[in-house]
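Please build the complex by placing chain B on the supplied structure of chain A, with the hints as guidance.
First to last, the protein sequences are chains A and B. Per this note's numbering, residue 1 is the first one in the first sequence, and the count goes up by one each step. Per this note's numbering, residue 1 is the first one in the second sequence, and the count goes up by one each step.
Hints in this document: simulated from the structure, not taken from any laboratory.
Calculated lysine-lysine pairs in the DSS-like style (CA-CA distance at most 25 Å, straight line):
| # | chain 1 | residue 1 | chain 2 | residue 2 |
| --- | --- | --- | --- | --- |
| 1 | B | Lys427 | A | Lys139 |
| 2 | B | Lys201 | B | Lys134 |
| 3 | A | Lys63 | A | Lys78 |
| 4 | A | Lys215 | A | Lys190 |
| 5 | A | Lys239 | A | Lys225 |
| 6 | A | Lys139 | A | Lys190 |
| 7 | B | Lys428 | B | Lys260 |
| 8 | A | Lys139 | B | Lys433 |
| 9 | B | Lys428 | A | Lys139 |
Anything over 10 Å on all C-beta distances counts as not near chain B; from chain A, calculated:
| # | residue |
| --- | --- |
| 10 | Gly13 |
| 11 | Glu28 |
| 12 | Ala134 |
| 13 | Lys225 |
Far from chain A, some chain B residues (derived; all Cβ distances over 12 Å):
| # | residue |
| --- | --- |
| 14 | Val77 |
| 15 | Gln81 |
| 16 | Phe106 |
| 17 | Ile211 |
| 18 | Gly212 |
| 19 | Gly289 |
| 20 | Leu311 |
| 21 | Lys366 |
| 22 | Ala373 |
All C-beta atoms in this analysis are idealised placements derived from N, C-alpha and C, irrespective of residue type, glycine included.
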Amino acid sequence: MLEIKNLHVSVEGREILKGLDLSIKAGEVHAIMGPNGSGKSTLSNVIAGREGYVVTGGRIVYKGEDLTGVEPEERAAKGLFLAFQYPVEIPGVANTTFLKEALNSIRRYQGEAELDALEFVKLMRLKTKHLGIADDMMKRAVNVGFSGGEKKRNEVLQMAVLNPSLSILDETDSGLDIDALKIVAEGVNKLRSKDRSMLIITHYQRLLNYIVPDKVHVLANGTIKRTGSKELALELEEKGYAEFDGTAA
Amino acid sequence: MIRTDDSSLNFLQNLNIDRPGLPGASLPWLNALRQNSKDLFIDIGLPTQKMEGWKYTSLKPLEDAGFRTTNEDDGLVSIEQVPPLLPELDEVPRLVFVNGRLQSSFPTQNGLPDGVYLDHLSNILNEMPGWAEKHIGKVADANGLPLVQLNTAMMDTGYVLRVGSGLVVEKPIEIIFIGGVTDNSIAYFPRNLIVLEDGAKATVVEHHTCIGSVGSYLSNMVTEITLGASSNLSHYKVQAESKDAIHLGSVQALVASDAKYDSFTLSIGGRLSRNEILVQLNGSGAYAGVSGGYLMRGNEHCDNTTTIEHLVPDTSSREVFKGVLDDQSRAVFQGRIVVHKDAQRTDGHQLCKTLLLSSGAEMDAKPELEIFADDVKCSHGATTGQIDESALFYLRSRGIPEAHARNLLVQSFLAEALEEIPQEDMKKAISNKILHWLPASCYLSEEWRET
Chain A
1 MLEIKNLHVS
11 VEGREILKGL
21 DLSIKAGEVH
31 AIMGPNGSGK
41 STLSNVIAGR
51 EGYVVTGGRI
61 VYKGEDLTGV
71 EPEERAAKGL
81 FLAFQYPVEI
91 PGVANTTFLK
101 EALNSIRRYQ
111 GEAELDALEF
121 VKLMRLKTKH
131 LGIADDMMKR
141 AVNVGFSGGE
151 KKRNEVLQMA
161 VLNPSLSILD
171 ETDSGLDIDA
181 LKIVAEGVNK
191 LRSKDRSMLI
201 ITHYQRLLNY
211 IVPDKVHVLA
221 NGTIKRTGSK
231 ELALELEEKG
241 YAEFDGTAA
Chain B
1 MIRTDDSSLN
11 FLQNLNIDRP
21 GLPGASLPWL
31 NALRQNSKDL
41 FIDIGLPTQK
51 MEGWKYTSLK
61 PLEDAGFRTT
71 NEDDGLVSIE
81 QVPPLLPELD
91 EVPRLVFVNG
101 RLQSSFPTQN
111 GLPDGVYLDH
121 LSNILNEMPG
131 WAEKHIGKVA
141 DANGLPLVQL
151 NTAMMDTGYV
161 LRVGSGLVVE
171 KPIEIIFIGG
181 VTDNSIAYFP
191 RNLIVLEDGA
201 KATVVEHHTC
211 IGSVGSYLSN
221 MVTEITLGAS
231 SNLSHYKVQA
241 ESKDAIHLGS
251 VQALVASDAK
261 YDSFTLSIGG
271 RLSRNEILVQ
281 LNGSGAYAGV
291 SGGYLMRGNE
301 HCDNTTTIEH
311 LVPDTSSREV
321 FKGVLDDQSR
331 AVFQGRIVVH
341 KDAQRTDGHQ
351 LCKTLLLSSG
361 AEMDAKPELE
371 IFADDVKCSH
381 GATTGQIDES
391 ALFYLRSRGI
401 PEAHARNLLV
411 QSFLAEALEE
421 IPQEDMKKAI
431 SNKILHWLPA
441 SCYLSEEWRE
451 T
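For reference, chain A alone in the conformation it holds in the complex:
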């Protein structure tokens, strides 16, 4: 699904990722853990194609295709999804309008017929019910006045509707209390399938109690320092990142 080879990325002329390798197969859930400033958010942004994140070496191959130079909307249309750490508020645009535009843009790209208003409403009812999300959230402006938990659930809802092959969850646990975290994790778990891969980026282990990964990677100073099973997360929780980020004795 995703093959990252020797990836070097600079932001504003400063190298953040320094030869990162990562391979995720279809249906796998991987977690990337790392201290602040290790390059976690840079990795998620560069996979999604955000401007300002310059690939200076290596490549990102998604479903066999090199993503270099592919616009963010095209990546989304090819099945890539980034759940934002800080979902953006868009006043004056109803959540339902936004999601319908997004879905139909992707369907157009994929050569499928657009959903009309009625078909879309039906789909939304199904998805919101499945995830236990109130209809009222769809009528409100995108993320405006949403609580931290609602914003993250809205990201999960978008993921459910857009039905991506690869989802990247960037610090999805940040700003959530334990109840909200459980609800969001439950939503994510419902979307796990043998065709969908996930990359969970997090600072803390606790999210991984609820979304159990197949593999855990430690990212520090721009490269993957270690890869292991889910137990690696517990070890990190106990020992911290000191041994990886050069602050260890």
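Just chain B now, with coordinates in the frame of chain A:
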């Protein structure tokens, strides 16, 4: 002594300022008013950028165009050509002016109750001269604004709406001004009167536009509004004019106790437009909501200048202006809130935000608060910014193509101003106008039209 400079004189020479056959020519009081205004205008001339209120807007384009007043040969339109603003409302009362002349062939009085008068200025001057004398010049002329003086001297057309005490006009009244249906550069001078007596309620929708985006014309318009106690006027103005059009409009409103004046001005085209709005709140409980949107491209220039005067205790006002500027376009917002000495417990808020889509676009914002009372709640704010890159990335990361994502963000930006429109059908009509302004190549959402 004539102090007017050469450029103002050149402008005036073409206008035939003393021509015969103007509305109300047989009324001595009106002739005296015209003469007085003419003298004042010749004395002060056209505003220049040396004047405080005109610092950011130059009337140079007006001097260069060589406008002359209109005559019978300056074109007519058929009803099919009239650009719709309220398409679903076929049966609304409607006046259509073409180059300032009323097209009397179109029905006008649809659904107006008894006690409501809607007509051309000259008919009202003929039929109710005593009533007209009590209102014309009573709200506007005291302010001594040069363009009001010019209009008073020149007034050659206009509409009058009078709604009797306690009467409610349910349907919106649409007034359409079409300019430029001629090869000449022409000028017209509408003088409008809206008088709502105590407890009356009405909605007036002005559409200033052209046919096929062409025509060189000047509209120098003054609208005098008198709102009686507990009356309620919603006043919309949509300006979608040709790229050579000049619109210099001044609205002056006097609002009595517990009366409500809501105004929304949408400017989406024209070489130069100035919308000046002056509201005097002179009864306790009076309210003014003065808002608008401006969307400019090319070398268009739009100036919204407002003054809200809180004259007595317990009055309130709200202003939200939002605009989007592309290419080399420019916009100006000058917003004054004046709280007079006795106007305690005034509540006045003002906001102006502009989105620049191009590095060549320019916004000048000048909010002013003048407060002479001590127990007041007033605020103002003005910001100018660009498209939020993180919002743009958010939309694109969901599969929405960049051009369309930008459109959505422009719509999103303007939504705050549209929220000020109290009537849903008008909000929809104005949203539609905005959608048509956005680049046509982009896919636009159905839902947004409906919200």
